[in-house]
Amino acid sequence: MSVSFLISQAKSVQKVIDEHSAEIEVLDQKIGDGDHIFNIQRGLKLVVELEDSIKDLPLAKALNMIAMKVLSGIGGSSGALFGTFFMTMAKSPDLDKDVDFIKACEMVISGIQAMKDRGKADVGEKTMMDVLIPVSEKLNELKNESEFKSGLNEVIKIAEERMLSTKDMLATKGRASFLGERAKGHIDPGARSSQLIIDTICKSVINN
Amino acid sequence: MKKFINNNDDFLKESLTGFGKAHSDIINVNLDPSFVSRKNKTKDGKVSLISGGGSGHEPMHGGFVGHGMLDAACPGFVFSAPTPDQMQAAAEHVDSGAGVLFIVKNYSGDIMNFQMGAEMYSGKNDSIVTNDDVAVEDSTFTTGRRGVAATVLVEKIVGSLAEHGGSLEECKKLGEKVNKNAGTMGVAFTSCTVPAAGKPTFDIGDDEMEFGVGIHGEPGRKREKIQPSKTIVGNILEAILDNLKPEKNEKNLLFVNGMGGTPLTELYLVYEDACQILQSKGVQVTKSLVGNYCTSLEMQGASITLLKCDDDILKHWDAPVHTAALRWGM
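Going line by line, the protein sequences match chains A and B.
Quick note: the first sequence uses my numbering, first residue 1, plus one each step.
Quick note: the second sequence uses my numbering, first residue 209, plus one each step.
Derived from the structure by calculation, the hints contain no laboratory data.
Incorrect hints may appear among the rest.
Stated by the list, open to error - Partner residues aside, some chain A positions facing chain B, computed with beta carbon under 8 angstroms:
id: 1; residue: P58
id: 2; residue: S72
id: 3; residue: S77
id: 4; residue: F101
Glycine residues also receive a C-beta, built at the ideal position from the N, C-alpha and C atoms.
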């Protein structure tokens, strides 16, 4: 993981999210309050715009700037959760040394754990954590394998399955939780956007 | 979408700036990070009250900044929780050393961002969470009830206690009592349109209403055909009374809140219906508030809040207040 990797991933994710914005907006209007896609898009735009200010910085500083930008520029649940994710990654030890695949996995795993603690949501509650927690568990298995690239295909598959599994769940966290039974039958918008992010980044790592 | 808007990116900034100019005698508006604060510095020894939430519920919360109510309010984007740096900056700006009480509506984004703001603020602080909406029950399917219109009552009543020298602990305790003594439920006839979305949040037929709607247009208990006002008000009150179970000799405050698009003539009609129904059930109404205070952009609809009042609550309700949206006694 490097600053240029973060910037190029942010750009790719921005493109994919923009392509799916209408779909995510509709999902959020069905069971949320319609702000999720705008928050995610605003956050990505802010991060992409940071390019010039972070490209020559050490990784820890760049991650920290991304965290503060996400935290102060997005709002809503997404801002707090993704801000927490980057802030935790920025606090990882030894970021001044080479960050290899194993180290990057550990950073993502600790970031997702911090999101779980912040949102107090676990698997099965119809939120983005339904995608992120199983992805984190899979990364934990993968980090010790030599053939990690093929393992990332499994991560992509898990993210998609778990995203789809939110469709028949009752929500107990987030704004959809206020709907009870009526939230059933719709994929959680946060689970969809998180799955798209995982999908984009994993594919790019596999292809490089 | 037909709205007074120049471009979406500047929507909130332009509105806040106008708000600041219109009420420059009582408040200041700070931008980047944005917060509304009182024009005068917090007196030494007075606990500071800070609330906030997504924009689109005006006059809540900026309209309640001023003597006898809030010290500061942090507006997020429309229907999105504000960010931790706003809460931190507002707290640093208003705290006179007696501590800060954050008043937070029970929505996950607000809870998380206020928590982070409180962690980032180094001074003494505590928080209360309002959850007065009885439309969605506390059950295995929900994390709890939503915080809606009773937040206005909490801000007014705790604001008076803080003004009268109440400690941080006392302010928190009174706020929790007011929240526990209050029940709210709303109904919507039309949707609202978030400016960034440009189209209505939900579809609803000309002859339909959303019963138990939330303040972002999020669905409530059920979608049904529209009924005469007396029937709607009766159903709302039944849900509230089931929950609050006021005693016969207890005094109550009845608050009819407009969602933004319903004229006052209809809100007063709702108030009259509610008074008659409550009287027939032996529920005493001694205080009133009618108007658009906790809105949902241009949504047509209303919510009713009933607050059970003891002498302490009544005293602080009647105490002087001078804000952009509520003013009496001074």
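So, going through the hints one by one against the coordinates:
1. P58: violated, 23 angstroms
2. S72: Since chain B brings a Cβ to about 4 angstroms from S72/A, closer than 8 angstroms, the hint holds.
3. S77: At about 4 angstroms, which falls below the 8 angstroms cut-off, the nearest Cβ of chain B leaves the hint on S77/A intact, so it holds.
4. F101: Violated, because the Cβ-Cβ distance from F101/A to chain B comes to roughly 30 angstroms (cut-off 8 angstroms).
When the structure is compared with the earlier hints, violations turn up for hints 1, 4 and for no others.
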